[in-house]
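*Asks:* For reference, the chains in residue letters:
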Amino acid sequence: MSAVTQAAPARRGLSRESVQFAWRVAAALAVCIALSLLSDAFLTTNNLLNVLRQTALLFLMASGLTLVILTAGLDLSVGANIGLSACLAAIIIKSTGSPWLGVATGVGCGAAVGLLNGVLVTALRVPAFVATYGMMWLILGATYFYMGGETVHGFPPSFRQFGSGYFLGVPIPIYMMLLFLMLGTLFAQRTVWGQQIYAIGANPVAARLSGIPVERRLVLVYVVSGAMAGLASLILLARVNSAEADIGEHFTLPAIAAVVIGGTSLFGGSGTIVGTLIGALILTLVVNGMNLLQINASWQPLVTGVIILFAVWFDIRARRSGN
Amino acid sequence: MKYLSVASVLAVVAIASPAFADGETIAVFTKNQTNPYFQNVRVGTEAAAKALNVKVLQYIPTKPDSIPEQMSQVEDVIIKKPNAIVFVPVDYKALVPGVEKMNAANIPVVNFIDRIAGGQTVSFIGADDYSIAITSARHLLKAMNGTGNVVIIEGVKGSLTNVDRMRGFNDALKEFSNVKLLASQPGNYQRLQALQVMENLMQSFPKIDGVLAANDAMAVGAIEALEGANRKAHIIGINGTKEAVDLIKAGKMLASGDYNGFVQGCLAMTVAVRHLRGQPVPKEVLLKPVVVDKTNYQPYETPVEQRACPKLEDLTN
Amino acid sequence: MSTRGAIATGTFIARVPGVAVALVLLIAAFSLANPNFATLSNLQNILIQSTILLLLALPMTLIIMTEGLDLSMGAVLTLASIALAVTVIATGSTALGLAAALCVGLGFGLLNGALVAALDIPPFIATLGTLGIAQGLSLVATDGQSVVGIPRGLQQVYGGTFAGVPIPILIGIVAFAAVWLLLYRTRFGGYIFALGGNREALKLAGVGDRAVLIATYAVGGAMAGFAALLMTARMNSAHPTAGIGLEFDAIAAVAVGGTSFERGNGWLTGTLLGVLVVGVLRNGLNLMAVPSSAQVAGIGALVIAALLIDGLRSRP
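Note that the protein sequences, when read in sequence, are chains A, B and C.
The numbering of the first sequence is the numbering used here, which starts it at 1 and goes up by one.
The numbering of the second sequence is the numbering used here, which starts it at 324 and goes up by one.
The numbering of the third sequence is the numbering used here, which starts it at 641 and goes up by one.
I should point out that these hints are in silico values taken from the structure, not numbers from a laboratory.
Among these hints, one or two may not hold up.
Footprint (simulated), chain A over chain B, 3 or more residues, beta carbon under 8 Å [unchecked claim]:
id	stretch
1	506-517
2	524-538
Simulated pairs of lysine-lysine, BS3-like, Cα-Cα distance not exceeding 27 Å [claimed, not checked]:
id	chain 1	residue 1	chain 2	residue 2
3	B	K404	B	K378
4	B	K404	B	K497
5	B	K572	A	K94
6	B	K386	B	K404
7	B	K634	B	K378
8	B	K555	B	K572
9	A	K94	B	K617
10	A	K94	B	K373
11	B	K373	B	K572
12	B	K497	B	K465
13	B	K378	A	K94
14	B	K404	B	K575
Idealized CB from N, CA, C, for every residue including glycine.
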């Protein structure tokens, strides 16, 4: 892709992105309609709340990751980060009895890992893919060592509220999802820093020439991605009521998939936070639907793979015909 | 007199000094470092090793349950030539060539937990998944007074423990004709997965009276799901982990089938060492199924690190 | 030492790649730490164990040189292994089994290539999608169970020797030679270099860059299919989760070996060294019975260290 076409900032693409977003919402709705026709249990309040709550968890993990991918970067250590943050937070909560100290630990740990990733990628110029892959192993090893094959379980009800509590009949994680959706979108679309992040992804050379402190912004997105992973790990911990070393391992690829299905391009420069939410929703709907319809779980990777391909192919086509 | 005292001194010295046969090296293979069950197993092997004065090397794949990795570790360990190997295969069919390699290298193998589908082993120590499952399931069905609706949360498809446990659950269900099985879904032995499966099942079925979970982690997941929806049901799991014991004590879980990893580890190590020292060993030790519930959970509250290994003779009947 | 000699030595040291240094250091350290390490049988052991990864890492180098990636290799390897096992059991012929495995591998390779080249889907996503498809097919076809009942003869492919050399090592040598010749001595290899650094030149030369790209992924798929032969022979069975994660190991080996993700320059020997470094590290740690958690951390440290060294080195 030549520099000229990539230099066009996200502004002109917004309307095209709105169209893509509309298509995605339509796709999610179509899945919902199909499921409600196929299963009586789908359209019940409880089930819908369950789906949204599960989506919230995945969304929180993927929201920070969206920023990283907007800069044409990647973070493979998300899963390991979740494990480490959850385990550290769990131990702090157990030993001090204070949920808030646990929250601070979880988010702090996540952010620290993000900082390490950011430094590796910017100052030491290790490619993001391999840097975060190496970090994944490092963190996982440290967590295994620390936990020694044990689990930490049984947390105070005040902490459990995070994951399994309700407010006005709606699960708390859903409120968090909406909160961070708002914050994330405001940050990406309405702040200078957010616009700079898009610019860096679209054309790093031009961004640097126009005075954007590229390295500082890159470190920032990795820190945010890590902190969000830390936050998500707390909700996971609160839901599941126990921590073990590899509690996050199953989430790395689905988080990336959610971002990609949501319309964010791996080449950087285009995508939205709300798109990631729709991506997470579609992935969750598929699993929920398969559970409700009692379809053999072995089919899930296949269906997910096809959806990923289709979603991205669709975007590429739209992008090409838009040019 | 003098000879008697010299003899007695010699006898005392002989008993007090360590036997020259000691100091063997035993390599222990387990499936992963994430399931606390295997941690109990390893602690068991270490406890027995300490009592018998042997050295233990622990081998765990860095990728949980990785077949090629365990194979590579087997090949590497053979180079090291430990005196014996205590082995649970990551997959009971795929690792047969691994056991055959150990046989070819003349290293005695004690198989425990999952019965390997081939190769020569000195002995097999295990708990019978089938009888634990059927005993635990009967416990639940009796608590339900033989009527009501039940769901099953399965483990990993294709794993030996799962195959046998499902057979046990289903056979128990056949004995209680007034109990209806609503659904049987896999949770892959994972907590969160079981939680979400349970949530989804609760949508489809408004009345669930009992949950048969193939392991404790999944039972805990199911309990979380039920509590979140303010619903109640009897739940049993399998493994007898500390978490399950705490929940049984608190009345949130009905029972757990004791799949005593600690004891299996102890016994397997003991059998391996005895074989090396030329003592007779049983060809098979199958632990009797014990269901841990509110009446007998106390011994299980002691952390494994503080437990002592049971004697082999007490269990081989 | 004369000035010229000092400069020459300094330049030589600066040019020796990080991976070679790492390999030498690791071998030296493990030889000292454990008497079992530097024996012929153990070194053969390391080479045999590394073969499957090598067969994946070699074509992965080519793909990375085109600024691409193939995340589906492990899943395709697994599916091909299942196809091979089923065919050998049904027909009794290893040759037919290998053909089945190659078909599966080639099929997915072409699919990957088509998705990337014809539909312009980013390689990360395209191969993530086909990973899911291959993984799903493996699970559904076997319902999670191992495929057993393979005639014993197949095991010879992994455990047997030819002229005193273990067969897997021979296969590794042949594979390396073949890919080396392909990359450095054929026109096709030149096209691959061009795809990475200078696509315009390809177009000017009238060569279909899409065809070259598809062919590159096809080679990857075919080699994964071939590697399935070794994997199935090793375990005398096929299992739907056996190959999971191997593609990441292959990518790490390529990266540690010095092939860059961005500049399109590839170093095939570096990949070989990278594969050996991983194999030596794991074997050495196993021989020393280092706890598994430390092994996990060690692999991460190795990957990062190797790239740090190269990154620092390439500073102006």
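*Asks:* Please go over all the hints and tell whether each is borne out by the structure.
*Replies:* Verification of the hints:
no.	hint	result
1	506-517	holds (count 7)
2	524-538	holds (count 4)
3	B:K404 to B:K378	holds (13 Å)
4	B:K404 to B:K497	violated (49 Å)
5	B:K572 to A:K94	holds (19 Å)
6	B:K386 to B:K404	holds (24 Å)
7	B:K634 to B:K378	holds (20 Å)
8	B:K555 to B:K572	holds (16 Å)
9	A:K94 to B:K617	holds (25 Å)
10	A:K94 to B:K373	violated (31 Å)
11	B:K373 to B:K572	violated (32 Å)
12	B:K497 to B:K465	holds (13 Å)
13	B:K378 to A:K94	violated (34 Å)
14	B:K404 to B:K575	violated (48 Å)
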